[in-house]
Amino acid sequence: MNIVPYNSEYQLENSTFKISERAAELIKKFHQSADGLTLKNWKALSEILDYAAAAEQTISDQKDYISDLESMSATDMLTGLLNRHGFESEITHAIARAKRYNENSLFAFIDLDGFKKINDTYGHNAGDIMLRQVASILNGSIRQTDSASRLSGDEFGLLLTKCDIAKAKERAGYIRHNLRKITLFHKGTDIHTSASMGFAVIRPDSTLEDIFEKADKAMYKNKRTRKNTHKKYHLAE
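The sequence shown begins at 0 in numbering that gives the first Met the number 0 and counts up by one.
What the hints contain is simulated information worked out from the structure, not anything from laboratory work.
Note that this is a predicted model, so its numbers are computed, not measured.
Glycine residues also receive a C-beta, built at the ideal position from the N, C-alpha and C atoms.
There's no promise every hint is true.
Unchecked claim - Below are the DSS-like pairs computed for lysine-lysine, each with C-alpha atoms no more than 27 angstroms apart in a straight line:
no. : residue 1 : residue 2
1   : Lys226    : Lys115
2   : Lys98     : Lys186
3   : Lys220    : Lys116
4   : Lys186    : Lys220
5   : Lys166    : Lys116
6   : Lys115    : Lys166
7   : Lys42     : Lys115
8   : Lys168    : Lys222
Claimed, not checked - Cβ pair distances, simulated, as ranges:
no. : residue 1 : residue 2 : range
9   : His123    : Ile47     : 53 to 61 angstroms
10  : Ile47     : Leu77     : 44 to 52 angstroms
11  : Leu183    : Asn101    : 25 to 33 angstroms
12  : Leu48     : Val200    : 54 to 62 angstroms
13  : Lys98     : Glu55     : 21 to 29 angstroms
14  : Tyr100    : Tyr173    : 21 to 29 angstroms
15  : Ile47     : Ser88     : 37 to 45 angstroms
Use the sequences and the hints to build the structure in full.
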């Protein structure tokens, strides 16, 4: 099958309309002179209708193919979540809605703690299983209007839309708590994970770069704070 250019969906729809329109015109002309039609004329009409139907089916198949390619280009193959490209598109739409409707949205940037150690100690297969479990929790914790993404490696993102910001942060914190419940049993060992999280509120004047930078800084601040708290706790013991 020939690959149709990415931006050709309008052209396909336009082609479908032209084929149908032309077939309708020919049928109308045949009806107007139906009394004088020969068997050859009727066969020609039949061929036109068959061609129109086949062309429309081909165009429909091409549109489905394009849709599949678009979906694949925006999806992380390991987890099934949006990849960074697909997620950035959702963030861009959220900024546009903030500008037009003053809609509140929150970006939560999530980084798994100590994930490299899991890969190094138990192997990449165990790490992949852990990533899929994280993705499952994220996907199962959001609404249809929200988005979850694996941004890279052990970094994930949540986009919570049409929300009260304080409640959205509370909900994201609950999701982080659920991530701590993940237990991966691997070769006789229970493997756990935890996550650091940072937020960025999406405002009408936000930019994509600004949102990611703010959330990234907040996440690393959260990670440092939690590490220091953990150290103080053990020193106190």
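Against the structure shown, which of the earlier numbered hints fail to hold, in ascending order? 2, 4, 5, 6, 7, 11, 13
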